[in-house]
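Engineer: So the chains spell out like this:
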Amino acid sequence: MADMKSVETILEGHPDAGRDHLIPILQEVQAAEGYLSKAAITRVGLALDLPASKIFGVATFYNMFRFQPRGTYHVMVCRGTACHVKGSKRVLDMVEKVLKIAPGETSRDGLFSLEVVACMGACGLAPVVNVNGQFHAKVTPMKLQRILEECRSEEFSHV
Amino acid sequence: MLALEANGQKIEARKGDTILQALQRGGIHVPTICHMEGLLPSGTCRMCVVEVEGAPGLVPACSFPAADGMRIHTSTPTVLKTRKAIVELLLSNHPDDCLYCARNGKCDLSDLAREHGVRNRVFRGLRKRKEKDISSPSIVRDPEKCILCGKCVRVCEEVQGVSAIDFINRGSKAFVGTAFDEGMNVSCCINCGQCILVCPTAALTERSYVDEVMRVLADPGKTVVVQHAPAVSVSIAEEFGFKPGTDIDGQMVAALRRVGFHRVFDTSFTADLTIMEEGSELIQRITQGGPLPMFTSCSPGWIKFVEQFYPELLPNVSTCKSPQQMMGAVIKSFFARRENLDPKDIVSVSIMPCTAKKFECARPEMGRDYVPDVDYVLTTRELAELFRIKGVDPGTLAPEGADTPFGERSSAGKLFGASGGVMEAAVRSAFFLLTGDEMKEYRIQDLRGMKGSKELRVKVGDLEVGAAVVSSLGQARKLMDEIKAGRSDLHFVEVMTCPGGCINGGGQPLKADLDSVKARMAALYAIDKTDTLRVSHRNSQVQRLYKEFLGKPLGHLSHQLLHTTYQKREVLR
Ligand code: SF4
Ligand code: SF4
Ligand code: SF4
Ligand code: FES
Ligand code: FES
Numbered sequence: 001m002a003d004m005k006s007v008e009t010i011l012e013g014h015p016d017a018g019r020d021h022l023i024p025i026l027q028e029v030q031a032a033e034g035y036l037s038k039a040a041i042t043r044v045g046l047a048l049d050l051p052a053s054k055i056f057g058v059a060t061f062y063n064m065f066r067f068q069p070r071g072t073y074h075v076m077v078c079r080g081t082a083c084h085v086k087g088s089k090r091v092l093d094m095v096e097k098v099l100k101i102a103p104g105e106t107s108r109d110g111l112f113s114l115e116v117v118a119c120m121g122a123c124g125l126a127p128v129v130n131v132n133g134q135f136h137a138k139v140t141p142m143k144l145q146r147i148l149e150e151c152r153s154e155e156f157s158h159v
Numbered sequence: 001m002l003a004l005e006a007n008g009q010k011i012e013a014r015k016g017d018t019i020l021q022a023l024q025r026g027g028i029h030v031p032t033i034c035h036m037e038g039l040l041p042s043g044t045c046r047m048c049v050v051e052v053e054g055a056p057g058l059v060p061a062c063s064f065p066a067a068d069g070m071r072i073h074t075s076t077p078t079v080l081k082t083r084k085a086i087v088e089l090l091l092s093n094h095p096d097d098c099l100y101c102a103r104n105g106k107c108d109l110s111d112l113a114r115e116h117g118v119r120n121r122v123f124r125g126l127r128k129r130k131e132k133d134i135s136s137p138s139i140v141r142d143p144e145k146c147i148l149c150g151k152c153v154r155v156c157e158e159v160q161g162v163s164a165i166d167f168i169n170r171g172s173k174a175f176v177g178t179a180f181d182e183g184m185n186v187s188c189c190i191n192c193g194q195c196i197l198v199c200p201t202a203a204l205t206e207r208s209y210v211d212e213v214m215r216v217l218a219d220p221g222k223t224v225v226v227q228h229a230p231a232v233s234v235s236i237a238e239e240f241g242f243k244p245g246t247d248i249d250g251q252m253v254a255a256l257r258r259v260g261f262h263r264v265f266d267t268s269f270t271a272d273l274t275i276m277e278e279g280s281e282l283i284q285r286i287t288q289g290g291p292l293p294m295f296t297s298c299s300p301g302w303i304k305f306v307e308q309f310y311p312e313l314l315p316n317v318s319t320c321k322s323p324q325q326m327m328g329a330v331i332k333s334f335f336a337r338r339e340n341l342d343p344k345d346i347v348s349v350s351i352m353p354c355t356a357k358k359f360e361c362a363r364p365e366m367g368r369d370y371v372p373d374v375d376y377v378l379t380t381r382e383l384a385e386l387f388r389i390k391g392v393d394p395g396t397l398a399p400e401g402a403d404t405p406f407g408e409r410s411s412a413g414k415l416f417g418a419s420g421g422v423m424e425a426a427v428r429s430a431f432f433l434l435t436g437d438e439m440k441e442y443r444i445q446d447l448r449g450m451k452g453s454k455e456l457r458v459k460v461g462d463l464e465v466g467a468a469v470v471s472s473l474g475q476a477r478k479l480m481d482e483i484k485a486g487r488s489d490l491h492f493v494e495v496m497t498c499p500g501g502c503i504n505g506g507g508q509p510l511k512a513d514l515d516s517v518k519a520r521m522a523a524l525y526a527i528d529k530t531d532t533l534r535v536s537h538r539n540s541q542v543q544r545l546y547k548e549f550l551g552k553p554l555g556h557l558s559h560q561l562l563h564t565t566y567q568k569r570e571v572l573r
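Residue numbers (my numbering), protein chains in the order written: chain A, 1 to 159; chain B, 1 to 573.
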């Protein structure tokens, strides 16, 4: 498996790793692969002598980990204080409804994935949404729907 | 000794006691949820709060150390109000399902609600919605009824060393589930059911086959045959109001006939048969240099455990099927032929103290020509339910005996129900097979009791045999790791999945404390003490089965019917 290579390399970077290395290792795996796959979690469990249920439990405790590969378009909705005040909840609800996915999930066609973050450091532009690294300012539910539509048509113009 | 005062009454405590232990010694009841006998306190539910004079707030009795001169109050208005509020909070997102619930009448949560006078819904939480997991042949999980006490997670990890389940997510989204929130059937769960025994609600129950069994009992075209395991007759009485440790073997057999089973066989018969086969296998391994130590194979949770976690030691596991599966195999071969029945028209049901037996009977290698040896497994609890549905109270019946050709048993076979019993039976017969003499004293005290790990060195002829007995897979794990690290003084190891053996199986009556389990064990020892047939090799019906059908132990037919194979098992672990 091509995936496993980077997990192996990451584990090599933590010789004699104990349980306290779990979170840093998982973070590195997610950085390398974009998410925590079953194969990766099982492999890390073997290395740290931790059951998969335990790792999954710990990983789901934190919001930062995802368990599905990222979509072609990775949508990050800010739920920080400034964005909250400016109505980011409605924006998030809209994304969930339109894409039929919850934060941490990826749509079935693999096109979109959703992540909720706390403050992206652009409070002046609140509410903020970031798609594949690109910031969108003062996003309303209507505006967001347009952004998502654009992504979709861009994708189809490729084929 | 520490001197304390509780509710104005003097009580004594030992050094190191928690307040809860001190109160229990003094005969004072305090309700608990997350507390588990024998494990470290987790202190999460707060149900056990009491007032301690001088302490700033209420303290949890289960995790607070008792101290000399402490003055404790267990039922002040504040204490009672707090406990009631805790129950009300637990109920805030709980389904109001009691009437339709598997635990109706046997639920710790509903008991607590009643005991604390909860009469209406005070807090209205959003109801948790999550589908039942019915993927496992043994265990059903209903997360909506889970109150997140964590006991199942702890028993699975700390007692069984399996860790199939854990807390997932956090806060209001938290639930208990398997790795990747998959079905139990693809997890590393070994189906032991110990989590069911500790669960205070119906969030964990056995997969029931009562309906299926009732259907075949009503089918005139079927011959429905039942076998009952050694540990059932000494525990099922609890379901009918007898005190723990009452043996109602004969009355249970009578009740089995009343509900419509055509033949009643005793699994202890095939326990005796197991001793003949497994004993011969052990002697063969010792004399011909097979993999040692040999592990027993009668506990199906243990078998799945080895297949998942120690596949390299699979050659050390005896190839003998478990007594349940041996019985199933001779029912659908020898018995079928003797009665002129097509095996397809026989339904073979077994009554087991165990949820893992449900998984075992469905293993594809446990049958021939797509006919399984055992069709349905009911736990002790399910049999009690079947009796109740059919209006049969075993307590009111006159005792009856089991049927031929598999009705005779030795008390050695009966001992299979307690940890150490297989070993004790095996030593008795091995001694005879190797020396030609009977042991002077059959009872082997070192192998008895609830201890998780017991060892024995016995001289059999000129051979000194090293024997170990472990119960609970946490204990098994320790021993396996020693063996993997090179320990080589053992010949024979008995492993039981459940702590104490089948008398404490995951299918046994709920709400049994350690004393009840010990009473069940003592009942088996009492049977053995007075029995006239105490060794497996003198079971005349077993001898007859060899003479008329099987030939000899480890013979060709034995291999076909009574032995099996194992395989490495890939699971999410
Ligand atoms: S688990 Fe207990 S409280 Fe919950 S519905 Fe069942 S009987 Fe009622
Ligand atoms: S049945 Fe046994 S192995 Fe499976 S989850 Fe329950 S305690 Fe763990
Ligand atoms: S399933 Fe039962 S034992 Fe496990 S946490 Fe929920 S209520 Fe407690
Ligand atoms: S709160 Fe959204 S960018 Fe700071
Ligand atoms: S029983 Fe003491 S905190 Fe749960």
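Treat the hints as calculated values from the structure; they're not laboratory data. Careful, some of the hints might be misleading.
Here are the computed lysine-lysine pairs in the DSSO-like style, where the Cα-Cα straight-line distance is at most 27 Å [stated by the list, open to error]:
| id | chain 1 | residue 1 | chain 2 | residue 2 |
| --- | --- | --- | --- | --- |
| 1 | A | K97 | B | K451 |
| 2 | A | K100 | B | K478 |
| 3 | B | K15 | B | K106 |
| 4 | B | K518 | B | K243 |
| 5 | B | K130 | A | K38 |
| 6 | A | K97 | B | K173 |
| 7 | A | K100 | B | K128 |
| 8 | A | K100 | B | K344 |
| 9 | B | K440 | B | K529 |
| 10 | B | K478 | B | K568 |
| 11 | B | K440 | A | K89 |
| 12 | B | K568 | B | K547 |
| 13 | A | K38 | B | K518 |
| 14 | B | K451 | B | K484 |
| 15 | B | K132 | B | K81 |
| 16 | B | K81 | B | K511 |
| 17 | A | K100 | B | K130 |
| 18 | B | K459 | B | K15 |
| 19 | A | K38 | A | K86 |
| 20 | A | K89 | B | K130 |
| 21 | A | K38 | B | K459 |
| 22 | A | K86 | A | K97 |
| 23 | A | K38 | A | K89 |
| 24 | B | K84 | B | K15 |
| 25 | B | K81 | A | K38 |
| 26 | A | K86 | B | K84 |
| 27 | B | K132 | B | K243 |
| 28 | A | K89 | B | K128 |
| 29 | A | K97 | B | K130 |
| 30 | B | K511 | A | K97 |
Engineer: Please go over all the hints and tell whether each is borne out by the structure.
Structural biologist: Hint-by-hint comparison with the structure:
no. : hint            : result
1   : A:K97 / B:K451  : 57 Å, violated
2   : A:K100 / B:K478 : 48 Å, violated
3   : B:K15 / B:K106  : 35 Å, violated
4   : B:K518 / B:K243 : 12 Å, holds
5   : B:K130 / A:K38  : 22 Å, holds
6   : A:K97 / B:K173  : 19 Å, holds
7   : A:K100 / B:K128 : 20 Å, holds
8   : A:K100 / B:K344 : 49 Å, violated
9   : B:K440 / B:K529 : 14 Å, holds
10  : B:K478 / B:K568 : 20 Å, holds
11  : B:K440 / A:K89  : 81 Å, violated
12  : B:K568 / B:K547 : 36 Å, violated
13  : A:K38 / B:K518  : 43 Å, violated
14  : B:K451 / B:K484 : 23 Å, holds
15  : B:K132 / B:K81  : 33 Å, violated
16  : B:K81 / B:K511  : 26 Å, holds
17  : A:K100 / B:K130 : 18 Å, holds
18  : B:K459 / B:K15  : 42 Å, violated
19  : A:K38 / A:K86   : 38 Å, violated
20  : A:K89 / B:K130  : 24 Å, holds
21  : A:K38 / B:K459  : 51 Å, violated
22  : A:K86 / A:K97   : 20 Å, holds
23  : A:K38 / A:K89   : 31 Å, violated
24  : B:K84 / B:K15   : 31 Å, violated
25  : B:K81 / A:K38   : 46 Å, violated
26  : A:K86 / B:K84   : 41 Å, violated
27  : B:K132 / B:K243 : 34 Å, violated
28  : A:K89 / B:K128  : 22 Å, holds
29  : A:K97 / B:K130  : 20 Å, holds
30  : B:K511 / A:K97  : 46 Å, violated
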